[in-house]
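Student: Could you build the full structure based on these sequences and the hints that come with them?
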Amino acid sequence: MWIQRNIASIILKVSKQYPVVLLTGARQVGKTTLLTRLFNEYDYVSFDLPSIAEQAETNPQLFFSKYNKNIILDEVQYVPEIFRYLKHEVDKDPQKGRFILAGSQNFALMKNITESLAGRCAVLQLYPLSYSEIHAVKQYDNTTDIDFILKGGYPKLWSEPQTVKEIFFSSYIATYIERDVRNIINIGKIRDFERFFRALAIRSSQIVSYSDLARDVGVAVSTIKEWMSVLWSSNQIFFLEPYYRNLGKRLIKSPKVYITDVGLLCFLLNIKDHDDLMHSPLLGQIWETYVVCQLMIQYSFKGLKAGMYYWRTRDGSEVDVIMEHGGKIIALEIKFSEFVKGNEVTSLKNLIATVKKEHIHYAGVIARTSHRYTIDDIINVMPLDEALELL
1 MWIQRNIASI
11 ILKVSKQYPV
21 VLLTGARQVG
31 KTTLLTRLFN
41 EYDYVSFDLP
51 SIAEQAETNP
61 QLFFSKYNKN
71 IILDEVQYVP
81 EIFRYLKHEV
91 DKDPQKGRFI
101 LAGSQNFALM
111 KNITESLAGR
121 CAVLQLYPLS
131 YSEIHAVKQY
141 DNTTDIDFIL
151 KGGYPKLWSE
161 PQTVKEIFFS
171 SYIATYIERD
181 VRNIINIGKI
191 RDFERFFRAL
201 AIRSSQIVSY
211 SDLARDVGVA
221 VSTIKEWMSV
231 LWSSNQIFFL
241 EPYYRNLGKR
251 LIKSPKVYIT
261 DVGLLCFLLN
271 IKDHDDLMHS
281 PLLGQIWETY
291 VVCQLMIQYS
301 FKGLKAGMYY
311 WRTRDGSEVD
321 VIMEHGGKII
331 ALEIKFSEFV
341 KGNEVTSLKN
351 LIATVKKEHI
361 HYAGVIARTS
371 HRYTIDDIIN
381 VMPLDEALEL
391 L
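In this note's numbering, the protein residues as written are 1 to 391.
Mixed in with the good hints, there may be bad ones.
[Claimed, not checked] 25 Å max Cα-Cα, derived BS3-like pairs, lysine-lysine:
no. : residue 1 : residue 2
1   : Lys13     : Lys96
2   : Lys92     : Lys111
3   : Lys96     : Lys305
[Stated by the list, open to error] Beta-carbon label-pair distances, calculated as ranges:
no. : residue 1 : residue 2 : range
4   : Glu389    : Gln139    : 22 to 28 Å
5   : Pro255    : Ile52     : 36 to 42 Å
6   : Asn343    : Gln206    : 22 to 28 Å
7   : Ala8      : Arg179    : 23 to 29 Å
Don't read these hints as lab results, they were simulated from the structure. Just so we're clear, the structure is a prediction, and the values are computed from it rather than from any experiment. Virtual Cβ for every residue (Gly too), placed ideally from N, Cα, C.
Tutor: Structure below.
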């Protein structure tokens with residue numbers, strides 16, 4: 001079953017503006033399926049097979065002579081040398097949409113794009129399916145946010161409903177470590193990395209403490225930093241940096257970390273069903289991870305890099321999400337409750353007092369409410385779908 005991806009229109013748009021388009025994203029988020037559907041008349045090559053990658057690296061001119069001019073190149077992180085050849089080809093013939101690339105490792109890909117294809121390549125990111133994409137499917141229009149949180153957004157779990165999610169995620173992690181992690185770094189003990197991933201899941205939506213993670217996993221801080229970089233590079237996690245422009249110096253300046261897919265997060269936390277989730281001491285963190293991920297995905301539908309931050313002072317005031325909007329800011333708290341009281345938005349009020357009301361474009365709380373209402377005439381409480389319309 002095909003599920004429409006909202007990013008499709010922006011991919012087609014930029015393919016008419018740039019000779020090269022790169023779509024990044026974690027494994028199995030649907031990059032190949034989407035691109036081959038959008039560009040079904042293009043030739044397709046995957047460098048996942050070492051023999052194919054070696055042919056392209058050894059003699060790219062001979063390799064490409066076997067294919068049509070317009071081509072989809074998948075898993076391009078495995079052939080970094082090919083980017084110089086693509087630059088040569090694009091300089092010779094800058095036809096728009098000529099090369100469509102896909103890959104799953106941010107750092108290696110962006111390094112090669114910067115060095116060889118700067119100004120010639122549009123870069124977009126595909127995330128797991130969003131709740132809105134799932135809800136648009138007639139078969140799933142009764143899906144609740146809790147249903148979605150438990151399953152997550154990997155397309156296979158929705159397009160093939162018979163898929164057992166525990167088996168899917170177990171296989172996903174094993175394959176990810178074997179194919180991606182081992183290709184980036186030399187891991188001595190796979191169990192240590194798996195333990196690290198689960199320890200990080202417990203901290204999703206929290207401020208990063210490398211020393212705490214190192215202590216809990218039993219490895220060096222330098223190792224934790226390296227492993228964190230691997231997860232980021234392969235799109236398994238993302239960070240929100242602190243927002244501190246003109247807001248004084250007494251602010252926390254470490255990033256917050258989020259697991260990119262909330263279903264994978266639940267698997268890592270051994271949360272299997274509704275009761276597990278509702279009784280979990282991490283419910284608030286899971287809900288925040290879900291909401292922030294949905295905001296991040298909404299940005300991607302427009303081809304934008306998410307300008308999202310958080311705000312926290314050393315005395316404990318914290319606003320979960322800060323977004324810039326025309327020189328002003330949108331400030332959002334995230335609460336897993338239907339009714340939010342005035343004493344629960346003290347941090348938002350502190351932020352408004354700090355930056356002055358005229359610099360706030362919008363202040364609100366994303367909650368599990370079915371309708372919008374206002375607290376103290378300045379703070380709007382709203383459901384997630386209304387918050388997405390702010391972007």
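Student: Against each hint, give a clear statement of whether it holds in the structure.
Tutor: Hints and how they fare:
no., hint, result
1, Lys13 / Lys96, "holds (11 Å)"
2, Lys92 / Lys111, "holds (22 Å)"
3, Lys96 / Lys305, "holds (22 Å)"
4, Glu389 / Gln139: 22 to 28 Å, "holds (25 Å)"
5, Pro255 / Ile52: 36 to 42 Å, "holds (38 Å)"
6, Asn343 / Gln206: 22 to 28 Å, "holds (23 Å)"
7, Ala8 / Arg179: 23 to 29 Å, "holds (27 Å)"
Consistency with the previously given hints is maintained throughout, with no hint failing.
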